[in-house]
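Enquirer: Working from the sequences, and respecting the hints, build out all of it.
Here's the letter readout for the chains.
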Amino acid sequence: EAGVAQSPRYKIIEKRQSVAFWCNPISGHATLYWYQQILGQGPKLLIQFQNNGVVDDSQLPKDRFSAERLKGVDSTLKIQPAKLEDSAVYLCASSSEAYGYTFGSGTRLTVV
Amino acid sequence: SQQGEEDPQALSIQEGENATMNCSYKTSINNLQWYRQNSGRGLVHLILIRSNEREKHSGRLRVTLDTSKKSSSLLITASRAADTASYFCATGSGNTPLVFGKGTRLSVIA
Chain A
1 EAGVAQSPRY KIIEKRQSVA FWCNPISGHA TLYWYQQILG QGPKLLIQFQ
51 NNGVVDDSQL PKDRFSAERL KGVDSTLKIQ PAKLEDSAVY LCASSSEAYG
101 YTFGSGTRLT VV
Chain B
1001 SQQGEEDPQA LSIQEGENAT MNCSYKTSIN NLQWYRQNSG RGLVHLILIR
1051 SNEREKHSGR LRVTLDTSKK SSSLLITASR AADTASYFCA TGSGNTPLVF
1101 GKGTRLSVIA
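Taken in order, these protein sequences are the chains called A and B.
With the first letter of the first sequence counted as 1, position 38 gets the number 38 in our numbering; the numbers rise by one all the way through.
With the first letter of the second sequence counted as 1, position 97 gets the number 1097 in our numbering; the numbers rise by one all the way through.
No lab work stands behind these hints: they were computed from the structure.
All residues carry an ideal CB built from backbone N, CA and C; glycine is no exception.
A couple of the hints might just be wrong.
[As the list claims (entries may be wrong)] One side only, chain A facing chain B, incomplete, derived with CB under 7 Å: (1) L45; (2) Q48; (3) S95; (4) A98; (5) F103.
Expert: The following block contains the structure:
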């Protein structure tokens, strides 16, 4: 099966600019996650979707981060405005009960 | 918050040696997973061990789980330069989010 697709691969923006990341999960995986991974740390969950509904967004900084999953398939994660501390790798993953989790290659964001 | 804590934070060994990484976690689990992450890449699933298992093997990988101590270890035997990566333990199952530790950075020197 095809993997989880993410784009762009890299992004460099200035602070206070906005940025959006895109994720296409594995076909048929109802659950989708966005993780933030700061250099030298493990991934931290930002938001979990089940189909197109939000299950957990308790760790999403909602004053600047937003995410949506239209029609229960693709998802976008947006940051507006970006801060220097948002520099990280943003990982998308999808899962199913039968096949477990699959991660995308991530988007490396640098805020300057 | 992080569920698992890996130890050591960094490990450097010679090619051919064995590498052992440890993970401690805080809450009861159904299973524990180990992932590898090459620099700048996504996470690759290595092995899953269920709470009723004590040891599991996959190729050069050996994982142990001690639920009484809430700890797990990952052993990579006969390491290769290509094993250089960060290794993470994670807890979670089904459609619940994985919770990761901070990882162990392994360097295998040829």
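Enquirer: What hints, given by number in increasing order, does this structure fail?
Expert: 4
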